[in-house]
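Protein chains in written order, with my numbering: chain A, 8 to 512; chain B, 8 to 512; chain C, 6 to 169; chain D, 6 to 169.
Do not rely on the hints blindly, as some may be mistaken.
Claimed, not checked - Chain B stretches covered by chain C per the calculated footprint, using a threshold of three residues with CB under 8 Å from any CB of chain C: (1) 51–61; (2) 375–388.
Claimed, not checked - Below, in silico cross-link-like pairs of lysine to any residue (SDA-like), each with a Cα-Cα straight-line distance of 20 Å or less: (3) B:K10 <-> B:G325; (4) A:K208 <-> A:Q153; (5) B:K459 <-> D:T11; (6) A:K459 <-> C:D13; (7) C:K110 <-> A:N353; (8) B:K459 <-> D:K15; (9) B:K108 <-> B:G32; (10) B:K173 <-> B:R240; (11) B:K173 <-> D:Q137; (12) A:K78 <-> D:E118; (13) D:K141 <-> D:E118; (14) D:K154 <-> D:T104; (15) A:K108 <-> A:I70; (16) A:K459 <-> A:S434; (17) C:K110 <-> A:P359; (18) C:K144 <-> A:D352; (19) A:K78 <-> D:N55; (20) A:K244 <-> A:D223; (21) D:K110 <-> B:R97; (22) D:K145 <-> D:E118; (23) A:K11 <-> D:I53; (24) D:K110 <-> D:Q137; (25) B:K78 <-> B:R97; (26) D:K15 <-> B:A465; (27) A:K10 <-> D:M56; (28) A:K459 <-> C:K15.
For the record, the hints were derived by calculation from the structure and aren't laboratory data. All residues carry an ideal CB built from backbone N, CA and C; glycine is no exception.
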Amino acid sequence: MFKKILIANRGEIAVRVIRACHEMGIAAVAVYSDVDRASLHVRKSDEAYPIGAAAATESYLNIAKILDIAKRSRADAIHPGYGFLSENPRFARACADAGVKFIGPTAAAMEAMGSKTRARQAMEKASIPFVPGTSRGLESFEEAAQVAQHIGYPIMLKAAAGGGGKGMRLVHALDELKSALDAARSEAERSFGDREVYIEKAIVNPRHIEMQILADEHGNTVYLGERECSLQRRHQKVLEEAPSPLVDPDMRRRMGEVAVRVAQAAGYTNAGTVEFLVDQQKNFYFLEMNTRLQVEHPVTELITGFDLVHLQIRVAAGEKLPFRQEEISIRGHAIECRIYAEDPDNNYFPSPGRITLLLAPSGPGIRRDSGMYQGWNVPLDYDPLLGKLIGYGTDRDQVIARLMRALDEYFVGGIKTNISLFRRILSDPEFRAARLDTGFLDRLLERREDKKSDTAAADVAAIAAGIFAALGTSASGSNGAADANSRGQDDNSKWKAASRREALH
Amino acid sequence: MFKKILIANRGEIAVRVIRACHEMGIAAVAVYSDVDRASLHVRKSDEAYPIGAAAATESYLNIAKILDIAKRSRADAIHPGYGFLSENPRFARACADAGVKFIGPTAAAMEAMGSKTRARQAMEKASIPFVPGTSRGLESFEEAAQVAQHIGYPIMLKAAAGGGGKGMRLVHALDELKSALDAARSEAERSFGDREVYIEKAIVNPRHIEMQILADEHGNTVYLGERECSLQRRHQKVLEEAPSPLVDPDMRRRMGEVAVRVAQAAGYTNAGTVEFLVDQQKNFYFLEMNTRLQVEHPVTELITGFDLVHLQIRVAAGEKLPFRQEEISIRGHAIECRIYAEDPDNNYFPSPGRITLLLAPSGPGIRRDSGMYQGWNVPLDYDPLLGKLIGYGTDRDQVIARLMRALDEYFVGGIKTNISLFRRILSDPEFRAARLDTGFLDRLLERREDKKSDTAAADVAAIAAGIFAALGTSASGSNGAADANSRGQDDNSKWKAASRREALH
Amino acid sequence: MIYDITIDGKNHRLDLNHADGRWSCFLDGRPMQIDAVLARSDVLSLRIGNMCYEVKSERVAGDLHIWVGSARFAAEVRDPRSLRSRTRAADHHGPRKITAAMPGKVVRILVNEGEEVEAGAGIVVIEAMKMQNEIKSPKKGIVQKIPVKQGAAVNAGDVLAIVE
Amino acid sequence: MIYDITIDGKNHRLDLNHADGRWSCFLDGRPMQIDAVLARSDVLSLRIGNMCYEVKSERVAGDLHIWVGSARFAAEVRDPRSLRSRTRAADHHGPRKITAAMPGKVVRILVNEGEEVEAGAGIVVIEAMKMQNEIKSPKKGIVQKIPVKQGAAVNAGDVLAIVE
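So here's chain A without its partners, still in its complex pose (with noise of 0.2 Å):
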């Protein structure tokens, strides 16, 4: 097993993977750019070291200073988190030149896996179900004409080299091809400098379905059940839950079996993702593989009580996968809540700052990952993402009620974050009656939440505001309330500085 696990991100999946590290006896190695001194990950770590400028190019995505802290650390290995470099095929093959175990799959598997068309052309080979269209890149307008005639309108234009929505355009009709052609193509040169697009079937209101497979070194890979990724703003993950509503025991043998072999013709190793989307009918159509960890893992983990962190570091190490396909079960329901620090009054515009006040959820069900803390300075300068809250229950119903009652525990103060947004989607009937698909969150933010104004509620809220200010008028002198429970010690709150000041002159 190694020794030292360098751990090449930051946020709650790089306290995540530190906190794997220590159940497994094994000492963590943080490295942190510029702004993050400060952060959780840091904190939580063996050994910490400075790599650089703010900026992710200059350090979380620095390969050489990343494998020049490797050496000098002497790490045995590095856990790339989700993101960053974690799928990057010359971070793999650097780390394998360098004697550094990467933990995940090779880099000729992620090379395999991240083209898109490449991809499809593995699986048209190894007969897997993908969604109509070409497996090459468009060589011209009229190539793209003829093929988007013969699957049929609407179609979807994609970068091969895509990901997080980028170089994507839907079409309806030919009049809309050639624009969205260009426009799908510089945005793609842009993004990932790379101009290649090909041409899908559009799936009406399909259902983003995942399905997490593992796979050793030994040749033995499982699956660990779906998860149901369909509630998407701006193609970004919101909430995710296992198992699926839609799938049950035959759907999930036939696209698991399905996704190991979509793993097994990419010589896969290590824990991945195979997404599909499904229609209408229940069809699934592979659609793409993600080669590392997913930020919603968890709700894998919860349902089969598997941890699936150690068990990519235990697959990197040697060992071959401690269970069988038929010992997995899976059991309950699980969902999870991706908490952001985004302005729902701002179109979830992100909103960094510092967190004035942390209340957090616990209790039976409720798993929080987070790399949030009480008077932490969230930066501005990387994903939003500030913790996770998942929980568990019975059966789905169960999982829903519990979630409505940890996010009300739930508080953040001194930034906006989307915990509302999680109230609103967990109490929709759509929602709970599981009809969903990748256009629910779209249609759920073009209706007006309609804020009932609650008199009783605000009454409640004006005397609290007029007993926040005296307290802070009298925050020396001995007043009941205070007395009754010796009052926080964390009182020099700007807003209380100044009423006091209004209150004393």
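Please arrange chains B, C and D on chain A, whose structure you already have, making use of the hints.
Chains B, C and D only, in chain A's frame:
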């Protein structure tokens, strides 16, 4: 279903029940004594009523006051938690008389199990194996001597009304019997107002294993697996796990079926626990039944995937059990650590006071049920249980490693706690090998903890102590450490103020 | 102590006094039976009658929010005896300031000082966390002043423009 | 700034200076490369070389504890230039005070003022959380003073007896 439930308890269990109520859409009514206004269960309730002085007899044990609040608040049910009135048949009967549903068994079932001798008589009738001895109170010393000789020394003298180790004496030979009998009788009289004492064969180094059962009001009774509760100090449990490492599926089934027969013999409804002593040949003997929710119920919840408090409420509302015995399966392993406000350096004497800093663990496999918060003043009037840290893992080794990690994250500043004790237990080779019996903890505590002096860590402490003092010094000035992450708002600890004064002197 | 309190745009007058461990409270003239404990800084456990509320207080970019359970209210508290707060209250009727809702970088300025803009017209573009946000004019008017420069870092609450 | 620091009974001299966002640090004359961030009050993220430590600080009943990860150290910090701390330090050599480790009630007083006691002899019995605790003399000596009365409530740190 109930609309409003009154929780006749405080601390972590009151919070636990409030959470279940909120998850089920039921309003939660809290009651609190004079020293508990600032307690977490009041903060989290929907309605809260003061019920009197700190002394439990004036508040949490006062049946008339609690029923008066139930009436005023129009609660349609009462959850008693554990301790206080939870096993008091007079209370259960008073609830029934007042038309409020008591969430637990009937008064009659409690009475059948409340007296240990009556319970033994019932078990005798139902052919349940119990520890050899008398099923009736001892009339005289002569009778005691006769019975003791018949079953063979060592024997245990036990109070019929007993609990918590009170009125219990281990007797090795005849010449100790007289004084032990007198002592047990007078202690039983003092503790329970009932001097009835009976004899049981003393089982050497027994294991204490209990079986969770659940019965609806329609005649259905199931068992939910066992808990290993051998780790006790002064007959109080400290750490519990499920499943028991000793119990295999066949033994579980046999114990479970006996437990169901015990419950049925008593006409038992709702959640309950059947305690067994297990000897070194794995024979198990009925010991007693706890007619309430146990402190350690979460370990059963984690391995079965059920929520016992939800089920208690549903059963009390007249619902049928939502599953049959064969639908209950056990997966993984769970361990609970009871976090007490106790001083490990002072023989685990209770240590109330103000919590100046609370860092709580989270992440994979960690559940935290707690009644404390930062800034709270732990009152000295009640049981010192602050909360419970419960770990879940794929197997026993993983959950032990996970709890070690979580204990390292756990920090309760300002008061003494027993957190360090769990590090000792979980890293003990005997514990890891699952060689457990009820004497384990006393043996562990008799061994001096070999505190190896860690010079490197002491150097770190020295430097940190200086930095804390220096930062206190320049609290309002600018310094890099503080600037890197703007200083906590919470700064006016006496100590810092003092070091500031000194430095400026 | 009397406070003028605005909750989500609606004005209330609160007469609040504290003596001998008890509060007396009149909200808009109505007597309210209250009992309050500051559990920790910015967290109040408030009983009104026997109803129990966990109330949180926060400032985001200068704005005071009061949360009753999970419902957020925009709040302003003024002590009528205070000259300072009266002056501040008057602020709201002057030219309209457009402030940054979060820290970020000014990537583009879309209008010139002196230019007339419609309500909803873009004024500046701010970038944070890899996303760009166009800050719009809240009303029709003349852009009096744009105190920020392209490329500048701004903090939450900084004034980006003033529209008269 | 120079501090005399006692950690678990062992004395250290710490020379600590902070300028331009960097610390210079000498522990018992050895130069240490350190980097510190106060994550929140009483929690320090401390790097020494590249090793990383989460250090917590607390006071329990007047005693300062420094926790390095999960290892607790008893600490005393004195600024040698401070007269006050010198005076306090001298305290330790006077008669021995026996203080309450936690709040509770005095249920019994076992000795009289002026009585001679052995080390380990019971002095008073304190009750808290339904348990009784006998407070013992730390040394052989004469009981100078017992400032508490039977039935009295005591707070953590209160002097229960002085043994000379």
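How the hints compare with the structure:
Closer than 8 Å: that is the beta-carbon criterion, and the stretch 51–61 of chain B has 6 residues meeting it against chain C, so the requirement of 3 holds. Coverage of the stretch 375–388 of chain B by chain C holds. Counting CB-CB distances below 8 Å, 4 residues qualify, and the rule asks for three or more. With a CA separation close to 14 Å, the supplied pair K10 (chain B) and G325 (chain B) stays within the 20 Å bound. A hinted pair counts as satisfied when its Cα atoms are at most 20 Å apart, and K208 (chain A) with Q153 (chain A) qualifies at roughly 13 Å.
A threshold of 20 Å between alpha carbons decides the hint, and for K459 (chain B) with T11 (chain D) the separation of about 18 Å falls inside it, so the pair holds. In summary, the hint linking K459 (chain A) to D13 (chain C) is supported, as the alpha carbons are separated by about 12 Å, within the 20 Å threshold. Proximity of K110 (chain C) to N353 (chain A) is assessed by CA-CA distance (about 17 Å); at most 20 Å being required, the pair is judged to hold. The straight-line distance between the Cα atoms of K459 (chain B) and K15 (chain D) is roughly 15 Å, inside the 20 Å bound, and the hint therefore holds.
Taking the CA atoms of K108 (chain B) and G32 (chain B), the gap is about 17 Å. The hint holds against a cut of 20 Å. A distance of roughly 13 Å separates the Cα atoms of K173 (chain B) and R240 (chain B); the hinted pair therefore holds under the 20 Å criterion. With a CA separation close to 16 Å, the supplied pair K173 (chain B) and Q137 (chain D) stays within the 20 Å bound. For the proposed pair K78 (chain A) and E118 (chain D), the alpha carbon gap of about 68 Å is over 20 Å, so the pair is violated.
Straight-line distance between C-alpha atoms of K141 (chain D) and E118 (chain D) comes to about 15 Å, which keeps the hinted pair within the 20 Å bound. Of the pairs offered as hints, the one joining K154 (chain D) and T104 (chain D) holds, with about 14 Å between alpha carbons and a cut-off of 20 Å not exceeded. With a C-alpha separation of about 14 Å, the suggested pair K108 (chain A) and I70 (chain A) falls inside the 20 Å cut-off, and the hint holds. Distance restraint check for K459 (chain A) and S434 (chain A): the Cα-Cα separation of roughly 15 Å lies within the 20 Å cut-off, and the hinted pair is therefore satisfied.
Between K110 (chain C) and P359 (chain A) the CA atoms are separated by roughly 12 Å; this keeps the pair inside 20 Å, and the hint holds. Between K144 (chain C) and D352 (chain A) the CA atoms are separated by roughly 18 Å; this keeps the pair inside 20 Å, and the hint holds. As the CA atoms of K78 (chain A) and N55 (chain D) are separated by approximately 13 Å, the hinted pair is consistent with the 20 Å bound. With a CA separation close to 28 Å, the supplied pair K244 (chain A) and D223 (chain A) exceeds the 20 Å bound.
Distance check on the hinted pair: K110 (chain D) and R97 (chain B) sit about 32 Å apart at the alpha-carbon level, beyond 20 Å; violated. Of the supplied pair hints, the one linking K145 (chain D) and E118 (chain D) holds, its CA atoms being roughly 14 Å apart against a limit of 20 Å. Simply put, K11 (chain A) and I53 (chain D) have alpha-carbon atoms about 18 Å apart, close enough for the 20 Å limit, and the pair holds. A hinted pair counts as satisfied when its Cα atoms are at most 20 Å apart, and K110 (chain D) with Q137 (chain D) qualifies at roughly 9 Å.
Between K78 (chain B) and R97 (chain B) the CA atoms are separated by roughly 18 Å; this keeps the pair inside 20 Å, and the hint holds. Straight-line distance between C-alpha atoms of K15 (chain D) and A465 (chain B) comes to about 9 Å, which keeps the hinted pair within the 20 Å bound. Proximity of K10 (chain A) to M56 (chain D) is assessed by CA-CA distance (about 15 Å); at most 20 Å being required, the pair is judged to hold. About 15 Å separates the Cα atoms of K459 (chain A) and K15 (chain C), which keeps this hinted pair within 20 Å; it holds.
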